[in-house]
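*Asks:* Given next are the chains, with one letter for each unit.
2 protein chains.
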Amino acid sequence: MRDVAALAGVSLKTVSRVVNREPGVSGDLISKVERAASQLDYRHDLTASNLRRSDRKTSTFGLIIEDVSNPFFSAVHRGIEEVARERGVAVFAASVDESPEREKDLVVAFSQRRVDAIIMTPTVREQSYLAYERRGGLVLVFVDREPRGFDADCVVTDNAAGAETATAHLLAQGHELVAFVGDDETITTANQRYLGYERAMASAATSIRPELVSREAHTTPAATREVLALLDAPNPPTAIFAAQNLITMGAVRALQMRGLQHSVALVGFDDFSMADALDPAVTVVAQDPREIGRRAAQLAFARIEDPDLPTSVHVVSSSLIRRGSGEIPPGR
Amino acid sequence: MRDVAALAGVSLKTVSRVVNREPGVSGDLISKVERAASQLDYRHDLTASNLRRSDRKTSTFGLIIEDVSNPFFSAVHRGIEEVARERGVAVFAASVDESPEREKDLVVAFSQRRVDAIIMTPTVREQSYLAYERRGGLVLVFVDREPRGFDADCVVTDNAAGAETATAHLLAQGHELVAFVGDDETITTANQRYLGYERAMASAATSIRPELVSREAHTTPAATREVLALLDAPNPPTAIFAAQNLITMGAVRALQMRGLQHSVALVGFDDFSMADALDPAVTVVAQDPREIGRRAAQLAFARIEDPDLPTSVHVVSSSLIRRGSGEIPPGR
DNA sequence: TTTCGTAATGACAACGTTATCTAATCCCGA
DNA sequence: TCGGGATTAGATAACGTTGTCATTACGAAA
Numbered sequence: 001m002r003d004v005a006a007l008a009g010v011s012l013k014t015v016s017r018v019v020n021r022e023p024g025v026s027g028d029l030i031s032k033v034e035r036a037a038s039q040l041d042y043r044h045d046l047t048a049s050n051l052r053r054s055d056r057k058t059s060t061f062g063l064i065i066e067d068v069s070n071p072f073f074s075a076v077h078r079g080i081e082e083v084a085r086e087r088g089v090a091v092f093a094a095s096v097d098e099s100p101e102r103e104k105d106l107v108v109a110f111s112q113r114r115v116d117a118i119i120m121t122p123t124v125r126e127q128s129y130l131a132y133e134r135r136g137g138l139v140l141v142f143v144d145r146e147p148r149g150f151d152a153d154c155v156v157t158d159n160a161a162g163a164e165t166a167t168a169h170l171l172a173q174g175h176e177l178v179a180f181v182g183d184d185e186t187i188t189t190a191n192q193r194y195l196g197y198e199r200a201m202a203s204a205a206t207s208i209r210p211e212l213v214s215r216e217a218h219t220t221p222a223a224t225r226e227v228l229a230l231l232d233a234p235n236p237p238t239a240i241f242a243a244q245n246l247i248t249m250g251a252v253r254a255l256q257m258r259g260l261q262h263s264v265a266l267v268g269f270d271d272f273s274m275a276d277a278l279d280p281a282v283t284v285v286a287q288d289p290r291e292i293g294r295r296a297a298q299l300a301f302a303r304i305e306d307p308d309l310p311t312s313v314h315v316v317s318s319s320l321i322r323r324g325s326g327e328i329p330p331g332r
Numbered sequence: 001m002r003d004v005a006a007l008a009g010v011s012l013k014t015v016s017r018v019v020n021r022e023p024g025v026s027g028d029l030i031s032k033v034e035r036a037a038s039q040l041d042y043r044h045d046l047t048a049s050n051l052r053r054s055d056r057k058t059s060t061f062g063l064i065i066e067d068v069s070n071p072f073f074s075a076v077h078r079g080i081e082e083v084a085r086e087r088g089v090a091v092f093a094a095s096v097d098e099s100p101e102r103e104k105d106l107v108v109a110f111s112q113r114r115v116d117a118i119i120m121t122p123t124v125r126e127q128s129y130l131a132y133e134r135r136g137g138l139v140l141v142f143v144d145r146e147p148r149g150f151d152a153d154c155v156v157t158d159n160a161a162g163a164e165t166a167t168a169h170l171l172a173q174g175h176e177l178v179a180f181v182g183d184d185e186t187i188t189t190a191n192q193r194y195l196g197y198e199r200a201m202a203s204a205a206t207s208i209r210p211e212l213v214s215r216e217a218h219t220t221p222a223a224t225r226e227v228l229a230l231l232d233a234p235n236p237p238t239a240i241f242a243a244q245n246l247i248t249m250g251a252v253r254a255l256q257m258r259g260l261q262h263s264v265a266l267v268g269f270d271d272f273s274m275a276d277a278l279d280p281a282v283t284v285v286a287q288d289p290r291e292i293g294r295r296a297a298q299l300a301f302a303r304i305e306d307p308d309l310p311t312s313v314h315v316v317s318s319s320l321i322r323r324g325s326g327e328i329p330p331g332r
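Heads up: the protein sequence lines correspond to chains A and B, in order.
Under the numbering used here, the final residue of the first sequence carries the number 332; numbering is consecutive throughout.
Under the numbering used here, the final residue of the second sequence carries the number 332; numbering is consecutive throughout.
No lab work stands behind these hints, which were simulated from the structure alone.
Be careful, since some hints might not be right.
One copy or any two copies: either way a pair holds, since identical chains are not told apart in the list.
What the hints assert, rightly or not - The calculated DSS-like cross-link candidates involving lysine-lysine, where the alpha carbons are at most 27 Å apart (straight line), are:
1) LYS57 x LYS32
2) LYS57 x LYS104
3) LYS32 x LYS13
4) LYS104 x LYS32
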């Protein structure tokens, strides 16, 4: 900037004004400065600018999600990017891989880089450690899962309601042996979805058989194993509710392996690519991850603008998409 | 930092030394400083640190890909993250959406934030505009597509060879009417894959019928339309080579719509989720996007360390995965 | 005892920018 | 002709940190 000022024959501050499009510089000088800037390959340094500026905004967000290559979370990422882009905000993205330690490391890494906000999926049992960061002015928004022990803005799917819809849909076909396959209790969404399953079963006055409940499906292969075990047991289910997209994929494989894809009903939570091209096409309760991302970003901007806003939890509703696998009747 | 120094009763410089784990500070003072730091909720400011430090490294990369929620590119992202994580580097990720203007905007946005390297998929016709950035010390690595008019490190799949393998595989089943469905010439990978298709056809002394070549499939729905047109034409193909994952998905739908999925052979370029669960399972030439990402990040680090390295193009090989759809014989 | 080398600490300037304040210039009306 | 307000430009300090150099203290060698 000093060099540009020298070449244009003006003061440093004038160059700063031109670069920041501040009013009060004559057109003559503006063009002189711009010519000098391009001649010298000048590129504005946002990090230095931020250091000095009074609002101390870096126009940067940090995003901490389960896995950047997971289709659900990458769609959330995409939604955030759409909103951030309009405001000139760049987004750091990182995967936690269900590791509490990594969650904390990432928060520190982003905080040290002075991001304006962190949008994250909590993994650590308890988020009270973030109070420290918030005191420093960092904005925190949670997506997909609500934080625990920490009051903050949050965007989630109506997990319990969606799971209830899915289960009720299977019960409405006349199924009584409806299995639940999901992840374990440490994952809040898995819990919520189990709750919805419970509610639907209770509403239909159908008792839950513990042997039809599997809560150990952490990955697609694990889900396949769990479903195979259910199918091979003495009293197999006639319908399955798979509580997450990777689990649904695993369930599809298991059903195919046993040749039961046309006889055992299946409804999955969260849509996935090619679900409509499978045979049978898979009925799902679809989330709207892109919308979740957009809302989270909007919440972050709103809070940056007014830090004293009351915290709010936004619920994005899910919708049942009937495709075939969920409409298979019992006893076929 | 000033406050920490005051509380610990030492100079600012000593705090800096402790924070950076520089040698030559007595254990006594180290613990005093650390106590003061945690008492004051002190958080090191990497942006200010970077401004002053002589190497001017921000430990930050920028990633510019087609779409963060595209499964191929999000896997590339993941690979980059794996390598970057080990070195404490945070990654900005953004989607260009095939927009040349946005590519340039993103380069500027990252450059202004003083990233150490940009890893990108080129969209603009011509990358010579980047010379400006490189003069400023920015490291540039290309992934998936080679840059044009600009010599730089690059990691690509063996597009032509993979496409040749795919096409030759179909020809080996006895097919003669092998269609090509791909994106247009502005996309270098689409070009390379068409080249491979041409080579395989030439090797088998099979002439290419222009009416079986479609190069207008930009999206999944477009691919479906193109394939339907091919199937409905007077002289339909008995086999299809789909030159990209989204196109393959579109082709699967089209074949299903016409009930031809078991009679027309299909090989796709690039694997996709659930390809093995479809009926028939889809034969593909699989790329290794995660490995592409890892290599790109490694190249970036190598060049940061030694800017005078000769530029290199790394080719990651693809592999044919036989699953069924590609092994359908002609005339069924 | 003096001198010297070494280790630990601190003072100060500087990184590239912007906020604040002051100075110069101009235009207009009285 | 002059005053006064508006407009434009510049000088200077500061943002939070680290590089450089100077200073201090201490023990060992002469």
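*Asks:* Taking the hints in turn, state whether each one holds.
*Replies:* Structure-based check of all given hints:
1. Proximity of LYS57 and LYS32 under a CA criterion of 27 Å is satisfied in neither setting, with 29 Å inside one chain copy and 32 Å between copies.
2. For the identical chains of this complex, LYS57 and LYS104 are neighbours both inside a copy (22 Å) and across copies (23 Å), given an alpha-carbon limit of 27 Å.
3. In the homo-oligomer, the alpha carbons of LYS32 and LYS13 lie at most 27 Å apart inside one protomer (14 Å), although the nearest pairing across protomers, at 41 Å, exceeds that limit.
4. Taking identical chains as interchangeable, the C-alpha atoms of LYS104 and LYS32 lie at most 27 Å apart only when they sit on different chains, with a minimum of 24 Å there against 48 Å within one chain.
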